[in-house]
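In order, the protein sequences belong to chains A and B.
Our numbering puts the first sequence at residues 2 to 387.
Our numbering puts the second sequence at residues 671 to 962.
Errors might be hidden in some of the hints.
Said to hold, decoys possible - Over 12 Å on every C-beta distance to chain B, these chain A residues come out as not near it, computed from the model: (1) 70; (2) 173; (3) 205; (4) 224; (5) 333; (6) 359.
As the list claims (entries may be wrong) - If you want the footprint, here are the derived chain B segments under chain A, 3+ residues with CB under 8 Å: (7) 774-788; (8) 919-925.
Don't read these hints as lab results, they were simulated from the structure.
Note that the structure is predicted; figures quoted are calculated from it, not measured.
By construction, the Cβ of each residue, glycine as well, lies at the ideal position given by its N, Cα and C atoms.
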Amino acid sequence: MVSHIKWAGAAMVGAAALAAVGCGGSDKTSSASDAGSANAVKVAIVQPYSGDSAYYGEYADQAFKLAMEELGSTPGGHAITFVRGDSKCVPTAAVQAGNQVLAQSPVAVMAPACSGDTLALKPLLKARNVSACSINLHPEITEANGKIVRAAPSDAFTNELFAKYIADKGVKKIGILHDTSGYGQGNVDTLVSSLEKNGVKVAVNATYDFADTDYSGQIVKLKKAKVDAAYFEGYDLAAGNLVKQAKQLQLDVPYYANTNAGNDTAEKAAGKSLDGVLFATAFLADSSDATRKFTATWQQKFNQAPNSDSVDLYQCAVVILKAIEATGKNATGATVGEQMAKVSAPGVTVGTMAFDASGDLNDPPVLIGTWKDGKAVLVDRLSGAE
Amino acid sequence: MSTFIQAVVAGIAAGAVYGLLGAGFSLAYKTTGIINFAHGDIAMLGAYVTFSVFGWGAPLFVAALAGVVAGGLAGAVMERGVLRPLYKRPLVAGILATVGVSVVLQSVIQLVWGSLPLTLPSLASSTPWRIGSVAFSPAQAVLLAVTIIVSTALIFAVDRTRVGRGMRACAQDSGVVVLFGISPERLYLTAFAIAGMLAGLAGALITPTIGLTPSRGVSLSVLGFAAAVLGGLGSVTGAIVGGIAIAVLRNLASVYVSAGYADAVAYLAIVLVLLVRVRGLLGDDLETVRSV
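Please work from the sequences and hints to get the whole structure.
Here it is as structure tokens:
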């Protein structure tokens, strides 16, 4: 009997642990105010809430919390209920989570932070006539008359400018190392085509897997090709680990990197190795008054420094709230979507967020940053007004 | 030629940790017949404990020791609390239970430490020495030295001590060791505790390279299991050799074939080795007979 009680207790503890981290389901619901009122609307947040990318879910919740404190919790008189789906940064899980939350008829969706997940969700959004705001950088996220607006610059835009910047530095032969995610592939495809247009030869274009624990083989390949610059693409930890390992293996060439190299996690992973690495990004904490103010607010409220992802998620939260506000009483997926497409809302990385016909930001910012003594600093501004 | 040497040297350093993971797999399997799929998650638990203790101000070396102890405790608790009640059930029940433990450990790690990626500094400097045109860092040297010392001690313990001989005897017939006054249950507990300590050590050693994320243990389990199988399940020496062989093969495939096919080439090589030599590189005949 004692044994049975012991096992039942253990099972309950295990089940509680699983439920608490979201492994058991993907449709957690929370109310920001009086969800039972006649004007209540639902907003879906589809993000990784479990697994190695679960911090995106945390950022998304924080983004809405801050945005609602600043803009009001009942935009247009609508109380907001959040329905959450756990996309896990896995496209198949994103589709499952998307189906679950869309079945609850949300008026808008905050799209997953992982590009592959959002690409998988696109047909569902169209079928349900619901619009989403995305922070994904993959070029195929937005399209003419699509259902997605993007609160961050597309990699197609960023990398066109970044490639020219790299070419202008005198680079003739570059080696590229990237992950095999939807984002990683899209990022590198746009960079490679732009580099080639600018006369830079891509001597090595090697991949690594998320699960990899060692990149030395790929880095040695870059050394063997005698490249005169290297470009490393990776999510936060990988972005730092790649640079650190390349320095350990004495790949003595200038390094370039994607936006994630500007995040604190990358700096913690790589330390001093990141000093001098040039990365293209839309957000640097110290690049304008607006970013400085936002950084101080976020840091104070959540006890962590914001990064390009958390800033873009905040911008998405603002877009969604402003669109709901603009619809007035008749807030549906269709009407909120129309308002999202023509919204004009205050941003952090841009003064005013407004979107073109494809759903991409007008005048998106592209900054070149680097690390110096543990601080990300602005090197150059390639696009976007300060 | 220097490219080849660099790929091999870097592979040996990376593979040493895979070998430690594989040695833990082998030790637990050798004694209980159970393949522990939570092994990589125990490694991550050890790494997270190392992170916390280091964060409290302890020197990194002491923090790593705390991680090793945490790994050992986790292994012992797992054996005593989850596996022991299942020993009289079919072996597959115990193996499936380890998969469950893996999921629970990931959840517990996420609950306690959160999902934000974390990092740890290396036990030694990562600024490389240059030997000719080959780079090799003090951090890699420490990693290799620790692996050599620990695996040598482990091999000695398994081959020459009463407990070690008991473990090997358990593999043959757990009923027989009772006749010699040895408790199989105690051996099982010891084996899982030592395997857990090896996992904790591997976690603390590999974290400066890969960082800390809650689900990372799964990929470590795969690497450790592959190292143990290639080396010969049940052979500690084989696991170390297997781990190094996998890492070196991956590196050479990345350099001379394609990084996209590195895993495929490495694991195809494992399949070929096992087709020719079913007991693995250094596995003994006993394991072959047992598996048949």
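Now for the hints, and whether the structure bears them out:
| no. | hint | result |
| --- | --- | --- |
| 1 | 70 | holds, 22 Å |
| 2 | 173 | holds, 21 Å |
| 3 | 205 | violated, 9 Å |
| 4 | 224 | violated, 7 Å |
| 5 | 333 | holds, 34 Å |
| 6 | 359 | holds, 31 Å |
| 7 | 774-788 | holds (count 10) |
| 8 | 919-925 | holds (count 6) |
Taken one by one, the earlier hints fail for this structure at numbers 3, 4, listed in ascending order.
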